[in-house]
Amino acid sequence: MRFGVVVFPGTWSDCDFHYVISEVIRQPVKYVWHRDRNLDDLDCVVLPGGFSYGDYLRAGAVAGRSPVVEALPEFLARGGLVLGSCNGFQILCEAGLLPGALMRNECLQYRCQSTHLVVENVETPFTRALRPGQVLQMPISHGEGKYHADVETVRALRQRNQIVFRYATAEGKVTKAANPNGSIDNIAGIINEEGTVLGLMPHPERAAESAMGGTDGLLLFHSLLGSLVEDGTFSKR
Amino acid sequence: MTPAVEPKVTLDLARSLGLTADEYDRVIKRLGREPSYTELGLFSALWSEHCAYKHSKVFLRRLPQSGRRVLQGPGENAGALDIGEGWAVVFKIESHNHPSFIEPFQGAATGVGGILRDIFTMGARPIALLDSLRFGDPADPRTRRLIDGVVSGISWYGNCFGCPTVGGEIAFAPEYAGNPLVNVMCVGLVRADRIFRARAEGVGNPVFYVGNKTGRDGIHGATMASATFDEHAEERRPTVQVGDPFTEKLLLEACLEAMASGVVVGIQDMGAAGLACCTSEMPARSGTGMVVELGAVPQREEGMTAYELLLSESQERMLIVAAQGREKALQEIFAKWELDAVSIGQVSDGGDLVVRHRGDEVAHVPIEALAEAPVYDKPFAAPAWLIERQAFDPLSLAEPTDYGEALVELLASPTIASKQWAFRQYDQQVGINTLVLPGSDAAVLRVKGTRRAIAVSTDGNGRHVFLDPRRGAALAVCEAARNVSCAGAEPLGVTDCLNFGSPERPDILWQFAEAIEGIAEACRALELPVVGGNVSLYNETSGAAILPTPVIGVVGLLEDAGLLATQWFKGADERIALLGPDAVSLGGSEYLWTRHGQLAGRLAPLDLETERRVQAAVRAAIGAGLVTAAHDCAEGGLAVALAEACVTGREMAGRGMVGCEVTLPQDGRCDQVLFGEGPSRVVVAVDASRQREFEALMAESAIPWRWLGVTGGDRVRVRMGAITIVDLGVDRVEHAWRNGFERHMA
Chain A
118 MRFGVVVFPG
128 TWSDCDFHYV
138 ISEVIRQPVK
148 YVWHRDRNLD
158 DLDCVVLPGG
168 FSYGDYLRAG
178 AVAGRSPVVE
188 ALPEFLARGG
198 LVLGSCNGFQ
208 ILCEAGLLPG
218 ALMRNECLQY
228 RCQSTHLVVE
238 NVETPFTRAL
248 RPGQVLQMPI
258 SHGEGKYHAD
268 VETVRALRQR
278 NQIVFRYATA
288 EGKVTKAANP
298 NGSIDNIAGI
308 INEEGTVLGL
318 MPHPERAAES
328 AMGGTDGLLL
338 FHSLLGSLVE
348 DGTFSKR
Chain B
15 MTPAVEPKVT
25 LDLARSLGLT
35 ADEYDRVIKR
45 LGREPSYTEL
55 GLFSALWSEH
65 CAYKHSKVFL
75 RRLPQSGRRV
85 LQGPGENAGA
95 LDIGEGWAVV
105 FKIESHNHPS
115 FIEPFQGAAT
125 GVGGILRDIF
135 TMGARPIALL
145 DSLRFGDPAD
155 PRTRRLIDGV
165 VSGISWYGNC
175 FGCPTVGGEI
185 AFAPEYAGNP
195 LVNVMCVGLV
205 RADRIFRARA
215 EGVGNPVFYV
225 GNKTGRDGIH
235 GATMASATFD
245 EHAEERRPTV
255 QVGDPFTEKL
265 LLEACLEAMA
275 SGVVVGIQDM
285 GAAGLACCTS
295 EMPARSGTGM
305 VVELGAVPQR
315 EEGMTAYELL
325 LSESQERMLI
335 VAAQGREKAL
345 QEIFAKWELD
355 AVSIGQVSDG
365 GDLVVRHRGD
375 EVAHVPIEAL
385 AEAPVYDKPF
395 AAPAWLIERQ
405 AFDPLSLAEP
415 TDYGEALVEL
425 LASPTIASKQ
435 WAFRQYDQQV
445 GINTLVLPGS
455 DAAVLRVKGT
465 RRAIAVSTDG
475 NGRHVFLDPR
485 RGAALAVCEA
495 ARNVSCAGAE
505 PLGVTDCLNF
515 GSPERPDILW
525 QFAEAIEGIA
535 EACRALELPV
545 VGGNVSLYNE
555 TSGAAILPTP
565 VIGVVGLLED
575 AGLLATQWFK
585 GADERIALLG
595 PDAVSLGGSE
605 YLWTRHGQLA
615 GRLAPLDLET
625 ERRVQAAVRA
635 AIGAGLVTAA
645 HDCAEGGLAV
655 ALAEACVTGR
665 EMAGRGMVGC
675 EVTLPQDGRC
685 DQVLFGEGPS
695 RVVVAVDASR
705 QREFEALMAE
715 SAIPWRWLGV
725 TGGDRVRVRM
735 GAITIVDLGV
745 DRVEHAWRNG
755 FERHMA
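Those protein sequence lines, which keep their order, are chains A and B. Take the first sequence: its position 158, counting from 1, is numbered 275 in this note's numbering, and each next residue is one higher. Take the second sequence: its position 523, counting from 1, is numbered 537 in this note's numbering, and each next residue is one higher.
Pulled out of the complex, with its shape left as it was, chain B reads as follows (with noise of 0.2 angstroms):
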């Protein structure tokens, strides 16, 4: 086969491959001369606003990155923190939006195969994955095509690698319905003194290549990750990985023997832009250079070119710096695991990346050029049209003439109800660690051979966002945290996968900018160092931009595992009591958006110290073995979390319904009441035996708080004052809950 000719390299070409003409002035200036094709294809990848986050560098110094507990920041391939007894915890979340759009099955599969191999390159062995999905309306054809797709590739994917699913969730709004977000969250556990680093030390020490074979799927994957849609969004589908959870378990296996042994000095995953970044960003780590030779990487398909070796996204693949001698040990071990383990290079000094194609140099370039990504502190300001909609007053709407209707409206709600049809297709259990399903507030692993066990959950709220992105933003923080300490579990660090749309426009860019302040503002208050995450810009599809969405993922930490607590109420006669400020909104909620079809209004106030001491007063009674219930009022209000709590123990737990009493506070209109939206709020059942103990609890704790009534019946009521405005029997409530999203799918 005759090898392909090379296009001459022009700024039209440059410009093809999705640098600008500054840009590609720029690596002309480093250079002082024109780059090589192939050199201009490194450019192209490592200044892609995927690898090199141009748009966001400014914005993201703003993270509060440093704690205690803090082993790893951002930078790696994923954050640790430390959890104690000589163990760490190592998580990280990742989109993969724009592949699974082009390709739900495969994008979504390849999704969580880049993220498992962060966590485990890293040293740790995965334990939990959470995925954050965001679709369009599920009564379109086309969205549930994309969503069945999706939740099968997570489904295949993570099933045969052998990663149980534990949590995650999944919103609709139509701003996604042409750029649905597919977020996924890792979690892994390995000895605090053992966590390995994506470092190229030590002049001299072999570059292993090992893994699955290089073919040419996935090539220009971060420069199509960079960019936003059209109406042929579909024929880029080439540049969708494809991938194998089979190689990716014997990766998996292969990697953790060989640090066992001994024989890694660093490693790092292939993921975007393939060989080219990790040639180039393990030595820029260690100030090192690197000298390869592309003949000899394993290669499925003939003829491929040095620039398609380097560029290529094949999966299932990683970057070995090895230690000088212990070579036939490396490839001993991988040769029991039946894959490739070859040598292709050499740590080198002089801070140069050498690239030989059968002996010819393809590529000869500074390592710093390649990591010197222009930074851009672009303009950006307040849409005009916010405003107006922000001074919407939902209160101008009119009232339902049934608060019951309108309950079993809102839990049948595709973002609200039960979201079983997809986690029942996820294995939940492979590792026996998982102690709360998915479906609570937040999924609680155990810690194997300690008492401990982690808590996570992943929260974001993209029209709270969309309407406030500051105090949206905050809100994802203290949502998830929350979501953490309904658990019984401290919070203890972030991870932030941002999503939103083209940041060349000043708008977008205003909402990003603001959204990062917000969450450094949580997380500085509630002390929780953000230590990875992923930022994925240009979710557009001929110029509509989804709604501006940062998922916040949280891990906590539970020191006894046997104190851990649940959404659900477990018996009748319990005291039920609401954490937290009365102020809630309409504005922005699931309710306005079922019920009126309104994006609209302002926020209800976050007070931060509030969030924390409310936080801090549920772990308190959980902790105490005061509390046998407690969850967080999010979407849908007050009223859809008592309902939630009466009837979700018998999806997640095979348990009865419990129903429940309550009276609400005549506190502004009944449907603000129920179903208004507003943070710090936290719905609880204790033990009638122990009411005194709470009481002095929470007088300790200094937060509002009052007691709404008790546990017990089949019936959900609610009264306001003397009146009754929820009647409604627990099978009609759980039906409605439990149908709303599947009715969709079946």
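Looking at chain A on its own, in the form it has when it is part of the complex (with noise of 0.2 angstroms):
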């Protein structure tokens, strides 16, 4: 599977993502510039983590309106696959790719902590190779992920099965105690209604490794190299 890691002005995760990609599940890799249009020779598109432009305006604001984002929805149509972790999911969110919101954390601070995540849809080609109600362990490092969106689109969120990952204890347990942000619904990560493009707040590539404290992040990867198919194309399920 090839991959492709969007570098914006001021991302900082895309070498997390390059080094995983590419030294840890062994795919090929390469880092596309935000000014690129041209993704042709990409099955999947990730948008990593950090501050595009700063996140002066708004966290993902500036990014969501650049060229190689505007390139994504003719990426997405011919079949690619779109992941957005931390600022990545800040900016699907903003360029509408996503529906809803992500905003200032409840706490008003900067969290970077280890949180669980309850998977509540393995229909997906990031989550097929996860089981309905499996606890995941992943670090998040932001100032604004607390998801929002109005009651219709929450609503909806939730009869299209597009909530992927909810926030939950190490049980699995979606609790007040176990958000670390003020997300509504302990939501953690959604996915389009096409099961194309993922946002999440947590960071998969910190926990790619067992030297960095789990592997639970891997399991997104594998998901996605066990969703292509032998003539190249994906599975739709």
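To be clear, the hints were calculated from the coordinates, so they are not data collected in a lab. Mixed in with the good hints, there may be bad ones.
Only part of the chain A face toward chain B is listed, based on derived beta-carbon distances under 8 angstroms [what the hints assert, rightly or not]:
#1 Pro126
#2 Tyr173
#3 Met329
Even glycine gets a Cβ: it sits at the ideal position worked out from N, Cα and C.
Reassemble the complex: the two chains are provided individually, in unrelated frames, and hints are given to aid placement.
The structure is reproduced here in structure tokens:
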């Protein structure tokens, strides 16, 4: 599977994703500059964490209107997949590729900590290697990760099974105490209606080696690799 | 806009800019004429204590600076050590105390920004930040505001830039209330043969200004940092710079790309005294001169004078001497990162700095003159009051009636308690190198592509140095190195940040001189070169000086990252041993301060040979896989070290807590044995099945050591002889430690 890791001015998880993809799961990967519109030779585009354009306006607001993001609908239309983590999730919401918005953490402080996520939807290319209700451990690192959407949108997300990850306890219980940023419904990650764009605040690339404290993040990549069928097209589920 | 009329150059003006009458005379003699206003500005900045180390130079020469791993010693933007397999580690610590007191958020943020630039100007990618902070009592709302501002500022700048904050310490004492300390250490990695230096080589080479535009912020920052504060300190807020971590991130990427492309000959960060400093220091190192045209400098305000352009401390700027003929390549790289890169002059011969502003020559001075700041060898003397302080016998105070309660109280003291409130606001993992997160004795970061890892720690105990500057400073070196050894790493080198009061007072200068001797002695004994650092003097407000606080940063090397150790107990039924001597003292201890409000007494003796051997023994035991946890005994003594080993794994690593049952030797009063502080002491947990091997290794190491007990259960139980003197549930212990600081900040 050919991966592209997008680099905006101010991106900093680009090298980490690149390292995990090339050195841990050993797949072809290249950096994609934010001005690039050509995504022809890629199967999966990763929008990594960081502070694109300093996030001085709103997190992800400027990057959400960049040439590479404008090229994503066409990339998706021909069967591509998009994974946005942390700032990448914020950018996807700003670009309208995912519903809702990421707001300032309820505690009004930056939070870098380990979190547990309960898997709500395993019918996606990013989670098909997981069991429903499985609990994953992954760190977060953000100041603006409180997921918010209006009541209608959240209801629709639930109905269409678009909520993929929710913050939970180590036992998988969705509680207020397990919610690190005040996200509505403890939402940590969602997918678009078509099941091709995943956004999540946690960092799977930081949980991809046992030396770094865990490998649960790798399960997302394993799901992706498993979803590419032999003739090179994506399996439709 | 009409240009501002320049003031007439007089002695009074020179004085108002921080020069003394003697220094002003010296400028006139050296130039053979009165300086112009702009020239006076150059001298006032470059001859400030902050830039010229006037009062400290004679002492700093005492520090050992060489060693087989040293690739770069003091005198450059940062020091560099060879860590093998073609890699070098670049590191330095720097203070931003004065700005952080005036404006905590921006002061601390730009402190982070400044030290990051020091590292990446050397060609290294920053991989770790550590913050050594000192404040007054967190129960005081004004102190809380400072803490919140400083921590937010560090968090904002480091997180946005994308360098993890992996360690450091925060300590509290009333002496820091009017003068908090913000010391930031940064560590970077670079290929050993790709280190860049701040030199202006090659007459005719173009000089490029790159990065942020210049504004009026931070003018006279260096001069401000070279004076004490009074009640009007807040009026100096305009001298604090404003940071932009996003631009710094772009500057990092653009500089590293430019360096890799071969267009960079020399590069220096525009830190203190901005352009003035770069345009004089770079040619001074190379014996060349420089001609610059200030009109070309990118500006974000209108009508800036030559004086303002030279002395502005606007952040995120660099001066690059580029290879002639490669100008276009350099400009293209910076354009890609959307940054200015403008040629403002060239390297010249003849050794003069010639500054023009829109064609008019505004300064023309021999660079040597700017570099020849006076060096003072001022008188110093031990203060008379010290003898009385040292004479105090802590054992004249009553013993606690309940030792368990005393331990809980000590664990809840803000200096000892968990600092998770601060650390969780910092990104600790970006770069995916952090193998040991903040909270253990040292942070550990892997070197990708090798089996190696580096361990880093900062330490410094102002109370110890106050009571005995020489031994206290030596203890700081030993403790930082011991922390690194407790991670299993061999300490390789030191960076020091020397925070003191006004050197114009003989007693403060004595503290400084003695502290340097102590650092030098310890560094020689442990074979640690001091490869860089920073001196921060004049840490006084309204005549009250801080505790003398040398902060020592140590970098160590683990050849096999798989063989690292952390401080917390991993499971039950392991044997607990104490390595090192029994000698401890309550003098200057955290216990004496927390319980009795006293800062007095004598420190425990320090034997540097024992220290060296204990550290070697700890490393050998970790390297042989005999030890499952290693924790240095520091503030709070043996009892606190044991309690921390029992409970800190829960917060740091999400592990269960592990109790312990130990028997301590009846060697003096219980409070002294439990809470007394002394050097060269490490608590380790030993795999029970390998007890004999451990004993053999200790015998071979020729160090004092003893078995204390076993891990397990859910209580921290300490016996003295046959009597149980502490018996606490681990939950209670953990709660006290976890909330001791945070309860003030919530």
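Each hint tested on the structure:
1. Pro126: For Pro126/A, the interface hint holds, since the closest Cβ of chain B sits about 6 angstroms away, which is under 8 angstroms.
2. Tyr173: holds (7 angstroms)
3. Met329: holds (6 angstroms)
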